[in-house]
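So the protein lines, in turn, are chains A and B.
Counting in our numbering, the first sequence runs from 125 upward without gaps.
Counting in our numbering, the second sequence runs from 6 upward without gaps.
There's no promise every hint is true.
[As the list claims (entries may be wrong)] With a cut-off of at most 25 Å between alpha-carbon atoms, the simulated SDA-like pairs for lysine to any residue come out as follows:
#1 A:Lys325 x A:Asp169
#2 A:Lys360 x B:Pro110
#3 A:Lys360 x B:Asp133
#4 A:Lys304 x A:Gln276
[Said to hold, decoys possible] Far from chain A, by Cβ distances over 12 Å, these chain B residues were calculated:
#5 Ile60
#6 Ser80
#7 Glu122
#8 Glu123
#9 Glu125
#10 Trp129
#11 Glu134
[What the hints assert, rightly or not] Cβ-to-Cβ under 10 Å is the rule here; a few derived chain B residues that face chain A:
#12 Ala32
#13 Gly33
#14 Cys99
Calculated directly from the structure, the hints in this document are not laboratory data.
Beta carbons are placed, not taken as given, at the ideal position from N, Cα and C, and that holds for glycine.
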Amino acid sequence: MSEIKNIKNLKEFSTSADRFEGANLLCPGCAHSIIVREVLNATNDDLILSASTGCLEVCTAVYPYTSWDASWIHIGFENSSTAVAGAEIMYKALKKKGRLKQPERTPKFVSFAGDGASYDIGFQWISGCMERGHNMMHIVLDNEVYANTGGQRSSSTPIGSSATTSPEGKKSYGEKRNKKDMMAIMAAHGIPYVAQVAPNKWKDMVKKIQHGFAVEGPVFINAVSPCTTEWKFDPKDTMNIADLATDSLVFPLYEIIDGRELNITYRPKNIVPVEEYLAAQGRFKHLFKDEYKYLIKEWQDRVDEKWAYLQRREEARI
Amino acid sequence: MMTKKGWDEFEIGAMLRTFNGKIDDIAGTQQQDRDYSENSSYTASVADWRLIKPIFNKDYCIDCQFCWVYCPDVSIISRDKKLIGVDMDHCKGCGICVEACPTNPKSLLMFPEQADEESEIANWPKKDEKEA
Ligand SMILES: Cc1ncc(C[n+]2csc(CCOP(=O)(O)OP(=O)(O)O)c2C)c(N)n1
Ligand code: SF4
Ligand code: SF4
Ligand code: SF4
Ligand SMILES: [Mg+2]
Numbered sequence: 125m126s127e128i129k130n131i132k133n134l135k136e137f138s139t140s141a142d143r144f145e146g147a148n149l150l151c152p153g154c155a156h157s158i159i160v161r162e163v164l165n166a167t168n169d170d171l172i173l174s175a176s177t178g179c180l181e182v183c184t185a186v187y188p189y190t191s192w193d194a195s196w197i198h199i200g201f202e203n204s205s206t207a208v209a210g211a212e213i214m215y216k217a218l219k220k221k222g223r224l225k226q227p228e229r230t231p232k233f234v235s236f237a238g239d240g241a242s243y244d245i246g247f248q249w250i251s252g253c254m255e256r257g258h259n260m261m262h263i264v265l266d267n268e269v270y271a272n273t274g275g276q277r278s279s280s281t282p283i284g285s286s287a288t289t290s291p292e293g294k295k296s297y298g299e300k301r302n303k304k305d306m307m308a309i310m311a312a313h314g315i316p317y318v319a320q321v322a323p324n325k326w327k328d329m330v331k332k333i334q335h336g337f338a339v340e341g342p343v344f345i346n347a348v349s350p351c352t353t354e355w356k357f358d359p360k361d362t363m364n365i366a367d368l369a370t371d372s373l374v375f376p377l378y379e380i381i382d383g384r385e386l387n388i389t390y391r392p393k394n395i396v397p398v399e400e401y402l403a404a405q406g407r408f409k410h411l412f413k414d415e416y417k418y419l420i421k422e423w424q425d426r427v428d429e430k431w432a433y434l435q436r437r438e439e440a441r442i
Numbered sequence: 006m007m008t009k010k011g012w013d014e015f016e017i018g019a020m021l022r023t024f025n026g027k028i029d030d031i032a033g034t035q036q037q038d039r040d041y042s043e044n045s046s047y048t049a050s051v052a053d054w055r056l057i058k059p060i061f062n063k064d065y066c067i068d069c070q071f072c073w074v075y076c077p078d079v080s081i082i083s084r085d086k087k088l089i090g091v092d093m094d095h096c097k098g099c100g101i102c103v104e105a106c107p108t109n110p111k112s113l114l115m116f117p118e119q120a121d122e123e124s125e126i127a128n129w130p131k132k133d134e135k136e137a
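Taking the hints into account, I'd like the entire structure generated from these sequences.
The following block contains the structure:
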């Protein structure tokens, strides 16, 4: 196994030499690239990367430019995971045959994809990669919408959010279904490591990514990625929204080891009411009309119930 | 200058090389020591996206690096744990770095794109007593 990069504090982290470049075409204030930087800077090892079609892929590979300083493949919407799995299996085969030019190097295999590409369209491909036991990490940049094509709902879009295919209006409060629990689905594959991360908690992120790189076998990471364009907030507030997401427990930070053992990795000192998280984003604005206010209460109840469940799971160690 | 290709002249399955020649230890090589090729977006600029821009005043900076870690566009330049400045070719003017800065007064503030750096630093706001 390769050496784990020593990152004790933010000053030390800031000596990292970025392998992701600016002058990409992501919106000002996009969280996708903040997450990508934290992930890539968590290791000094070589990187074999891919991205599913979506904002990250489209905006970082506008021909004739690339924003990646590592091996990176521009692939289809559904198959960033299998492209990296293919590279990983080839790497293993060459290693076994003694045909690697630099066998001492220990590359890390990572696929990035949006929630549309992971929760919906690439779902069976990811499931296959997890089930086959590839030594790889799949990271979801979860902005809860098909952002790159203009904001259609995905199975990650939460109740009450206004999306272009489930808009709020005279007769509707927007999305009617609750967000799919991908963490539980991925954990059910019995893989060594599943974790939810957020870019505002960089230390928790680095720790989890390093753990994911260190274990043998497939790793699934769900990263909350506040989207200034589709969630409708000012670009300067991306990290403030991420703070509200983690501190209201709408996005609790936890990990599941070997499909069983659940650990909560962040307990906010002051839990923020869910209402504050909703109020900070244009996509939930209509929920504050009198006729929809009951939905805010339901939101809070759902978040409380999930938090209680996670705590029980953690205590039970099952 | 790179020749721009027409829509019908694209190479199918093109491979873009980020660097001229070979870099063996990329994770140990800082941007200024890399030989980027014309295919790297590092050689491009998004400066014309900005309406507002951050100005850095080192007098109050505590080198905490919050601005470095949360900048989406790799535009906060830090070397040897010290903040050096803002990369104005790649900064998109989002303002996240200013939000993240914990000092009082802030060490980074947003100004109109045409603002003059020297005079803004000379007129930097004083410590906000309410906040302190
Ligand atoms: C098979 C296929 N279907 C549809 C598209 C069109 N498409 C491109 S990007 C995109 C949205 C991506 O959404 P998501 O995966 O959530 O990523 P985001 O842009 O939100 O980061 C869609 C629908 C495609 N490229 N390929
Ligand atoms: S639409 Fe959202 S996810 Fe896409 S580039 Fe803009 S901020 Fe990022
Ligand atoms: S304004 Fe945004 S892009 Fe520019 S340096 Fe600050 S965080 Fe980076
Ligand atoms: S956030 Fe402010 S104090 Fe911290 S390094 Fe950046 S400019 Fe300096
Ligand atoms: Mg998305």
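Going through the hints against the structure:
1. A:Lys325 x A:Asp169: Since the Cα atoms of Lys325 of chain A and Asp169 of chain A sit roughly 22 Å apart, the hinted pair holds (cutoff 25 Å).
2. A:Lys360 x B:Pro110: The hint holds at about 18 Å.
3. A:Lys360 x B:Asp133: holds (21 Å)
4. A:Lys304 x A:Gln276: holds (16 Å)
5. Ile60: At roughly 15 Å from the nearest Cβ of chain A, Ile60 of chain B sits farther out than 12 Å, so the non-interface label holds.
6. Ser80: Per Cβ check, Ser80 of chain B is inside 12 Å of chain A; nearest 6 Å; violated.
7. Glu122: holds (20 Å)
8. Glu123: holds (24 Å)
9. Glu125: For Glu125 of chain B, whose nearest Cβ neighbour in chain A is about 18 Å away, the distance exceeds 12 Å, so it holds.
10. Trp129: Nearest chain A Cβ is 19 Å from Trp129 of chain B, so the label holds.
11. Glu134: holds (23 Å)
12. Ala32: holds (4 Å)
13. Gly33: Constraint on Gly33 of chain B satisfied, holds at 6 Å.
14. Cys99: holds (4 Å)
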